[in-house]
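Engineer: Work out the full structure: start from the sequences and follow the hints.
Protein chains: 2
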Amino acid sequence: MTKIRAAIVGYGNLGKSVEKLIAQQPDMELVGIFSRRETLDTETPVFNVADAEKHTEDIDLLFLCMGSATDIPEQAPGFAAFACTVDTYDNHRDVPRHRRVMDEAARAAGNVSVVSTGWDPGMFSINRVYGAAMLAANHQQHTFWGPGLSQGHSDALRRISGVQKAVQYTLPSEEALEKARRGEAAGLTGKQTHQRHCYVVAPESEHERIEDEIRTMADYFVGYEVEVNFIDEATFDAEHNGMPHGGHVITTGDTGGFNHTVEYILKLERNPDFTASSQIAFGRAAYRLKEQGQTGAFTVLEVAPYLLSPEPLEDLVSRDV
Amino acid sequence: MTKIRAAIVGYGNLGKSVEKLIAQQPDMELVGIFSRRETLDTETPVFNVADAEKHTEDIDLLFLCMGSATDIPEQAPGFAAFACTVDTYDNHRDVPRHRRVMDEAARAAGNVSVVSTGWDPGMFSINRVYGAAMLAANHQQHTFWGPGLSQGHSDALRRISGVQKAVQYTLPSEEALEKARRGEAAGLTGKQTHQRHCYVVAPESEHERIEDEIRTMADYFVGYEVEVNFIDEATFDAEHNGMPHGGHVITTGDTGGFNHTVEYILKLERNPDFTASSQIAFGRAAYRLKEQGQTGAFTVLEVAPYLLSPEPLEDLVSRDV
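As you go down the protein sequences, you meet chains S and L in turn.
If you count by the numbering used here, then the first sequence holds residues 1 to 321, one letter each, in order.
If you count by the numbering used here, then the second sequence holds residues 1 to 321, one letter each, in order.
Note that these hints are calculated values from the structure, not bench results.
These numbers were taken from a predicted model, which means no experiment stands behind them.
A few of these clues could be false.
Claimed, not checked - To be clear about the criterion: a stretch of chain S counts as covered by chain L if any three or more of its residues have a C-beta under 8 Å from a C-beta of chain L, and this derived list gives those stretches: (1) 13-21; (2) 133-144; (3) 289-301.
The beta-carbon is built from N, C-alpha and C at its ideal position, and this holds for glycine as well.
Structural biologist: The structure is reproduced here in structure tokens:
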């Protein structure tokens with residue numbers, strides 16, 4: 001079997017996860033990592049990102065592991081000119097624009113770009129569409145996030161004076177989950193469906209003021225059910241160094257007097273690893289779509305499930321259907 | 001908008017659910033029902049199934065709601081010559097053969113046939129493939145069925161002498177579900193992961209013998225955790241006249257020291273209604289695939305998610321991705 005020759009652009013948490021997980025794929029090999037830095041702490045060959053064009057003959061698929069804030073909007077279309085691409089662009093509102101510019105770039109070069117993979121956007125997007133399509137006429141749908149580490153809220157805690165270390169976990173409210181499963185969560189807002197749990201290391205004399213600053217922080221904590229836990233540094237280092245995440249997509253519908261509930265749940269011990277797992281599967285799909293003669297950009301909604309698997313369609317039909 | 005002109009073949013529980021739910025679709029209209037019987041208890045026009053050929057000009061899509069035992073294998077390819085078709089053929093082992101003959105028939109006529117829709121096969125098949133593709137290198141996967149009414153096991157109970165009325169529900173074992181979520185259910189068999197709960201109406205003098213016959217019935221009950229409840233007829237009629245079902249597809253995987261769990265859950269108050277919901281969504285996809293210039297047979301694994309929705313792709317990308 002000819003392996004898919006893949007490369008990674010960007011070497012943060014996501015790029016490192018992709019590197020680790022490509023090594024587990026039966027049908028992919030990692031050619032190199034493109035970075036702005038000259039050396040990286042890895043045995044994979046490192047190329048200067050400015051030299052991408054020189055490597056187009058050797059690479060089938062680029063994993064774009066750059067940030068969504070500015071790097072993806074600015075640089076992703078350029079990479080679509082060199083090879084098939086797959087990204088995890090997570091600015092939900094901007095996905096239509098991103099899809100459009102990637103479609104133009106990929107089409108012009110005869111490549112395929114799959115955009116906004118991962119789990120949300122990604123597998124959650126797919127489950128929102130499947131759930132609503134199954135119960136098309138009359139449904140309610142809710143997405144819950146967590147229990148999971150929120151980077152933005154953890155940063156907000158760390159900006160409070162006196163805070164030495166801090167993390168914030170977002171959790172779905174159990175009561176709201178149960179309401180959603182019964183189709184009774186219509187109108188509930190994110191503040192009513194999620195809780196925010198904070199773990200903070202700070203001098204004891206500052207606890208009261210810090211807790212007060214947390215609870216009164218507009219946008220981030222006001223209106224939420226908030227739990228503030230002060231812990232010592234050793235406990236923090238031992239128990240709060242992971243990157244767990246996950247969530248639920250719950251769709252309920254009524255088929256004329258009968259209720260149906262569809263629920264998709266992710267429980268992830270390491271968020272970047274699962275995001276990378278999804279990116280790798282959709283990267284495989286990008287390569288295969290190009291092999292089938294397709295060009296342009298695809299969202300996860302436009303990719304048939306079998307294209308994600310390293311196994312032949314015939315084997316999936318025999319075993320899984 | 002031009003509506004999809006649909007017809008139903010077969011008028012059992014599934015055909016009745018499809019009839020009810022087509023009325024809720026914004027993009028479909030029901031032209032008629034094909035039956036061997038001359039009249040049916042419905043306001044929908046009834047056509048003789050032998051006259052299907054006469055109606056080909058008026059029908060875009062046929063919902064094949066016949067039995068999987070003999071009707072689908074014998075008759076489905078013939079219908080693919082008249083229009084796009086969608087079936088719920090549920091003989092898992094025979095799906096590859098069914099797909100092949102439907103592919104030939106549909107291709108010859110320039111139609112599209114989506115085969116083996118519903119929830120298992122159907123949505124569960126899709127979730128088995130997605131789950132395994134996300135955690136490609138190193139995963140365990142388990143499917144659980146229920147709590148749900150088992151027609152075959154209920155029939156077996158009713159064949160026991162002295163039994164007046166009976167139903168059997170299959171339930172996943174809670175302990176096995178928890179093991180599967182932790183990735184510790186490898187090697188567990190269906191007998192270890194499911195329980196069988198029986199509700200039986202019978203004269204009190206016969207209870208002991210009937211319970212003994214149930215518990216010793218090979219293939220059906222021996223080896224399972226079995227619960228036998230004798231109830232009076234009024235309770236039976238009030239509480240056991242539904243057709244609930246559902247289940248779980250659980251995939252766990254390890255990305256190098258980190259565990260991930262993907263779970264898809266269905267809780268269905270009326271099994272034929274949800275099967276019909278899935279069949280309708282994949283019927284829509286069959287019609288659209290033909291509009292895109294495709295022909296032949298597709299399993300649910302080969303259909304991109306957006307094709308199931310009555311909403312335009314652009315709206316789904318804006319809202320759900």
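Engineer: Please check whether the region 133-144 of chain S has three or more residues whose CB lies within less than 8 Å of a CB on chain L.
Structural biologist: holds (count 6)
Engineer: Under a C-beta cut-off of less than 8 Å, do 3 or more residues of the region 13-21 of chain S approach chain L closely enough to confirm the stated coverage?
Structural biologist: This one holds; 3 residues, not fewer than the three required, reach chain L with a Cβ under 8 Å.
Engineer: Tell me if chain L covers the region 289-301 of chain S under the three-residue, 8 Å CB rule, please?
Structural biologist: holds (count 3)
Of the numbered hints listed earlier, not one is contradicted by the structure.
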